[in-house]
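Undergrad: We have chain A; now place chain B onto it with these hints.
So you can see what is in the structure, the chains are spelled out below.
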Amino acid sequence: MAMISEEHSKEKLGFEETELRLGLPGGGGIVNGDFGKNTNANGKRGYPETVNLKLNLSLKETEKGENLQKEKNLISCSNNAVKPPTKAQVVGWPPVRSFRKNVMAVQKSNSEEGVGGTATFVKVSMDGAPYLRKVDLNMYKSYQDLYGALGKMFNSFTMGKCDSQGMMDFMNESKLKDLLNGSDFVPTYEDKDGDWMLVGDVPWEMFVGSCKRLRIMKGTEAIGLAPRAMEKCKNRS
Amino acid sequence: MAYSFPEEVLEYVFAFLSSDKDRNAVSLVCKSWYEIERWCRRRIFIGNCYAVSPQIVIRRFPEVSAVKIKGKPHFADFNLVPEGWGAYLYPWISAMARSYPWLEEIKLKRMVVTDESLELISKSFKNFKVLVLSSCEGFTTDGLASIAANCRNLRELDLKESEVEDLSGHWLSHFPDNFTSLVSLNMSCLGSEVSFSALERLVSRCPNLKTLRLNRAVPIEKLPSLLRRAPQLVEFGTGAYSAEIRTDIFSNLVEAFSGCKHLKSLSGFWDVVPAYLPAMYNVCSRITSLNLSYATVQSPDLVELISQCPNLKCLWVLDYIEDAGLKALSSYCKDLQELRVFPSDPYGAEPNVSLTEQGLVTVSAGCPKLQSVLYFCRQMSNAALIAIARNRPNLIRFRLCIIEPQAPDYLTLEPLDTGFGAIVEHCKQLRRLSLSGLLTDRVFEYIGTHAKKLEMLSIAFAGDSDLGLHYVLSGCESLRKLEIRDCPFGDKALLANAAKLETMRSLWMSSCSVSYGACKLLGQKMPRLNVEVIDERGPPDSRPETCPVEKLYVYRTVAGPRVDKPDFVWTMDEDAALRLS
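Respectively, the protein sequence lines represent chains A and B.
Reading the first sequence from the start, the letters are residues 1 to 237 in UniProt numbering.
Reading the second sequence from the start, the letters are residues 1 to 581 in UniProt numbering.
The shape of chain A in the complex, shown without the other chains (with noise of 0.2 Å):
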């Protein structure tokens, strides 16, 4: 890294030059001036001159009231011997007025709650119905609060159970093969590697990761999905 050159010297206009010095971190105030004194009884103010050993770089005194995190910044502009604190520490800055802030920090905090932090729509088919729609996963938290959902949407087109708790028998393997067989409605995804499985067989975090669309089919269409599905589970635990 190559040295930074000096400052150029100040013209004199009645005030005293300032005049870089090299001095190590925590060093008294070096500089000539008015403000040289290190006199704040709390240790704020100062000027010790900091010397980045590594680089070799020299820099310009400035004032602060507080310290800055610079780990990143080659160009240390920290002036201080005491480790700065994070960014986030320095009183207004930047400049962003609190009511952004808090609107800002609402608005992130939110958007986190959900699996992956934004929104994860997938479209939705069901066996019969005159068109899709589409859910965002992360509204939800678990497979129950879907199957509600998917029961509101696709109300008007079911007969049979395609309610919250028809969608929970699923769950249970002993009704499943009955199910199954019977005209009931079977809510199924298409998962990243394109296979078609049966949903609710992994934990609700892993499906909202994985699920790329929903079908909601017949129970006798998918009659095949089960033994692949419970196949596939075994391979992956």
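Under the rule of at most 30 Å between Cα atoms (straight-line distance), these lysine-lysine pairs were calculated in the DSS-like manner:
no., chain 1, residue 1, chain 2, residue 2
1, B, 129, B, 109
2, A, 108, B, 327
3, B, 68, A, 101
Simulated DEER-style distance windows between Cβ atoms:
no., chain 1, residue 1, chain 2, residue 2, range
4, A, 210, B, 176, 55 to 61 Å
5, B, 285, A, 196, 41 to 47 Å
6, B, 91, A, 99, 21 to 27 Å
No wet-lab data here; the hints were simulated from the structure.
Using N, Cα and C, we set each Cβ at its ideal position, and we do this for glycine too.
TA: Relative to the frame of chain A, chain B by itself:
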């Protein structure tokens, strides 16, 4: 006088003078002109509530119908002014209630407003029409209820970005059933849900409603109902702009927006679901002002929206727009005058978006009418600033915030002196400038030499010595407001330029090197200035005279020292100097 010119004629002529500058000039011609003018001045602007007292204002101007008052220093927006500092509205209202019974308009910025004040306003001024509270605090929704209930002729209620203690949404229901005069309502800063049916009825019965800015709690599905009742709207702010994707919601929204043939300004857009943005496309060709600064939407969606708005004059947006989006802006929106780009993640250590100095350079090149810029970014170069200056010599406001304090030119690692120097040299009409990045005294030399029209300057973490401050105070002829934080400016420049401070509205210096002794001296030498030391460590005389003060606020005043100071503010005046030394 050889003849007498009837007063009524002069008064009639003076009525055409709207600018305060003109009226002030007229007042200085002779005593009789002063007298005539003061009786017919109806609008008063008080830039600093402590520069003058209510009594003095009322004594000089007995028949006022509109008042605009500003309180706390600008840096209060960034929590640099401690809680309880001042700027109380109540004494003003209390005095005006007695003397201005026909007051119609009160506009405030950064003042502390209580429910008591709001109630007094609502009961004292029978023809009250306009209340604008910009970045104010201290009141609750109960105060708003008083205004709603009692101000029969209210036209405008604008809460801008005030901090309101939101007890409930019930205040809106206090507008009486026969209240029909509303022209403008901005409740966007409130959290609670108002009664939607009350809102619907209010909108329905106010045929002159031109501005409606809703709060976040109003869901997107309910927007069509409001828009259909107010097709004459010119300015509209949505609530949360999200819902699961439903074609019926979408088509209702499209239809409702299409019915608003006069919409020019859109805002709101909290929690945006991008799929709903196209619902507005039908109105976009007329849109001149777009505030997307709360919309967490990615660049491609922003570009799609902006590309529909060829008449855009003012855009506020988050840095999600990225350089690519700004490039699109510069090609679609040739009428752009104002651009503000806010940071989506100001405290993150790493950049989260691809927004650099290039975006601003591109806009400066492509938008010939660009005059006002506020830009947060993480890297800047002298070359970019020079390009911007050369492209846009018509800039009036240039506020640049490079997020990392003292960040140098990222290409050359030099200070950004020459870059900002180019800005002030080329942009001869520049009125407002905010600096950031690594800066030496040299930039202040440039500013003092060239920035002759500069009225407001904001400085942070910059400069090397008193020379910097001296350049600014001695060179900037039009300077009115100077705010400085964390700079090595001390006593010499301040004392050498004391007289300059009487030509300015105010000077703020925090975390600088101004000693207590110098403050006392300044207060002593300049009786027409209030030199106020703000120090939360206790009385300044408990420390050595050479000890720098935490914060200093100096302003010209005809009202003498403040009488409502909190215990962490000390006025340096003659008496104080004698008392404390």
